[in-house]
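Chemist: Sequence lines, in order, name chains X and F. Position 181 of the first sequence, counting from 1, maps to 181 under my numbering, and the rest follow consecutively. Position 10 of the second sequence, counting from 1, maps to 1010 under my numbering, and the rest follow consecutively.
Everything labelled a hint here was simulated from the structure, so no lab data went into it. For glycine and all other residues, C-beta sits at the position ideal for the given N, C-alpha and C. Only true hints are included.
A short, non-exhaustive set of chain X residues, derived as facing chain F with CB atoms under 7 Å: (1) 1; (2) 47; (3) 159; (4) 161; (5) 163.
Calculated lysine-lysine pairs in the BS3-like style (CA-CA distance at most 30 Å, straight line): (6) X/23 <-> F/1238; (7) X/76 <-> F/1238; (8) X/148 <-> X/61.
Computed footprint of chain X on chain F, listed as stretches where at least three residues anywhere in the stretch have a Cβ under 8 Å from a Cβ of chain X: (9) 1106 to 1116; (10) 1225 to 1239; (11) 1268 to 1274; (12) 1385 to 1398.
Read off the chains here:
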Amino acid sequence: MDDLDQLEAQSIYILREAYRKLKPLAMLWSLGKDSNVMVWLARKAFLGRVPFPVMHVDTGKKFPEMYRFRDEYTRKWELELLLGDCPPVEEIDPTLPPAARSAARKTAGLAAMIEKYKLEGVIAGIRRDEQATRAKERVFSPRGSSHKWDVRNQPPEFWDQYATPHEEGVHIRVHPLLSWREIDIWRYIEREGIPLVDLYFSKNGKRYRSLGDQDITSPIESDAATVAEVIAELQTTRTSERAGRAMDHESEDAFERLRVAGYL
Amino acid sequence: MSNDFRQDAATPIVIVGHVDHGKSTLIGRLLHDTDNLPEGRVAQIIESSRKRGLKVEWSFLLDSLQIERDQGVTVDSTRIPFLLGNRQFVIVDAPGHRQFLRNMITGAADAEAAVLVIDAAEGAQEQTRRHAMLLRLIGIRHVIVLMNKVDLLEYDEQKIAASEQAVAALLKQLDIEPSLFIPASAREGDNIASRSPKMEWYKGPTLTEALALVPSPAGRADLPLRLPVQDVYRFDAKRVVAGRIERGRVNVGDTLVIGTHGTTARVASIEGWHAAPQISAVAGQSVAITLEPDVIPDRGDLLHRPEEAPIRTARIRSRLFWLRQEPLRVGESFRLRLATAEHQVTVASIDSVVRLDDLTEHASDHVPPEGFAEITLAASESILFDAFTPGTTDGRGVLVDRHQRIVGGAPLIGPADIASGTRAIHPTDSTVSLWDRAQARGHRGGVFWMTGLPGAGKSTIARAAESRLFGQKIDVSVLDGDTLRAGLCADLGFSEADRTENVRRAAAVARILAETGQVVLVALISPRAADRDLARQVVGEGFHEVFVDADQATCEARDPKGLYQAARAGRITGFTGIDAPYDVPATPDLHLPTGAGSVAEVAERLATYVADSVALAESTRRRS
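Okay, chain X solo, but in the shape it has when bound:
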């Protein structure tokens, strides 16, 4: 087994644990590369099907290409899609910096969906290498009644034994991609032939490395127009993946504040 085989096997194990232990369960599908890999891994785990719904928390500000992709692959992959919308920005904590405030709409939208469907488990595609705060995450991360992430009081997690506390109002965020790196995601996309929104590929010298809302995501300078070229680019780049995400850079603690409150 090479490293991709090992990552795949570990993710499948995690997805099967989540499916066994958490009901109802749903997977967040942001339409980005990581969540497409995640849907793909679920199909591997469950032999071609995704036996739980996928959720798109729609900020209403995604790129048109992303909405087209969503509709096409919901059909092709036979997904049960749950859609949720987000409150207007005026309802969000005004002390947050502007981009973070905009991103926090998604947190509120997600919270509403978790309430609505009484979800016990939510599968999310975050990775440790994306952002320092995410590096502290557990594979099974319990969230209290206000969906807060209690960073300082996380349960122990070792030997592939995951905490599944069953308490009123607690849900578990499940992170099957936690150990993957950005380049692993791309190598796996290449190996498996996983379809992506073409915003990831260079047009006129620019491409998106990470996809968020249109107004707070910017493209990078790049000529990488194929998966192989993206992989080659990543092998030499030294800038961080989320450099194009405005809310990460507004203040030292903005992203952490978002996450403690329930952002992914």
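Model the placement of chain F on the given structure of chain X, informed by the hints.
Modeler: Relative to chain X, chain F alone:
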């Protein structure tokens, strides 16, 4: 996929040590000196340090959470990918602050090697002992000791050596044999990624050189199969059994035993989606199989081959690391999680508790929060497991409370009541595992305990079998009673107590030899059944009782050493068979009558039995 990208999985390395001994600084320094920092990170560190009016603090790199910086301690483990040459590592940073032990375990449990950071000027502290203890309990095989801050000792060889000796003595108490001591200064960069010009007396590797030497995780594909059932799905009218292979290999057509029911079934297919069809899968793979007949296993059932059964017992000895904030007391009940299985268990006894001040073991009626102990667990049903072995997934028990919260790690080390179990495995503390040795030699170790009356032919047959086995490239030796009494046991007589001691010593020596992978034929009268039971306990796994059976008249007629004659004449007393009893073995593993048949024939039977017993199963033999 192009082959250029094919690579091994990252080797996880955990960095532990007492608070303020310099772990975070070390990691910052390591990443910087090996060119592993993304652009922007260095600028971030400089900016953060400047804002606080400090010299560049490498530790800010890790203390990426605001609350950590405010408190000045790292609150949780984090993982940092790290490239050294072409090899990938993941650095697991574990906090030194006392109350966060569970975070450290979270980070450290899967590590392949550990770097124990010790302030050379201050020496080992409480957290050093605690972390070292934990490294042992979670089974990390390779420990590199980094004697940090040697700049504070003016790089002085003698001062550093004195500090090192104290640490070595401490680790020895824990059976930890560090692979290396490196004198270093993370702050100054000495012996981290480059050789320090200030310590020319030090000839060993730098930290990066030492990391490069850490072996890759050992393959587990050649071990006996263990496939714990994770779930059973019914898709498209087909029942599929899902699980991850913990060790060994599963092939279509294999017959497997299902859990404790003992039902067997054949592997009909290995299912997959968007993957090449498979007829075989190995350790580490998450598989989905169908069985024939279409039996329905439960989650937690362990699938294994009939001839490679794990330990089965309802009373288990466990080493415990206790994570709950309240102490543990006898009589408490938990769920014991073992891979995907869950069993109801009760703490039957707390056998000893480790005192962290000096790492000695004491009796106690409770295990304190974050304490270490040896306990006995009683289960309501038989549990199948393999004894905990460092570097494998065997015996990784975890205790959870009624709320599904993990409250302790409980490596399972063996059955509690050895007399009632059929196998008692004693995990070796050597970094060379029994399996490594068995594979190197081409056979397992074992002890064949030949008991019988004086003159029954034990030594003769043992020697004849020895030369046959040696001819088959089996590493074999004979321990015979007279040889032992001439040397090792020269101080012993023939009283009952001395005979028992004689047996105990022979068994202890045999065990040591067997653990190095040798086959040992012990030729010893060992007349009392109780003594032979003792030998079985001392040796543990791989003990075979061989009854060399000739009736007394035959033995007396042979009398090769003239002993019967001497006993009859009353010149010697306490002679087995004349005036001391011999307990005939009730259920020997091998019964060898020597009355009929030549020495060659009997020796051949023994040699065949021995060779079969120590052979590696076909499926587990190393492919060459």
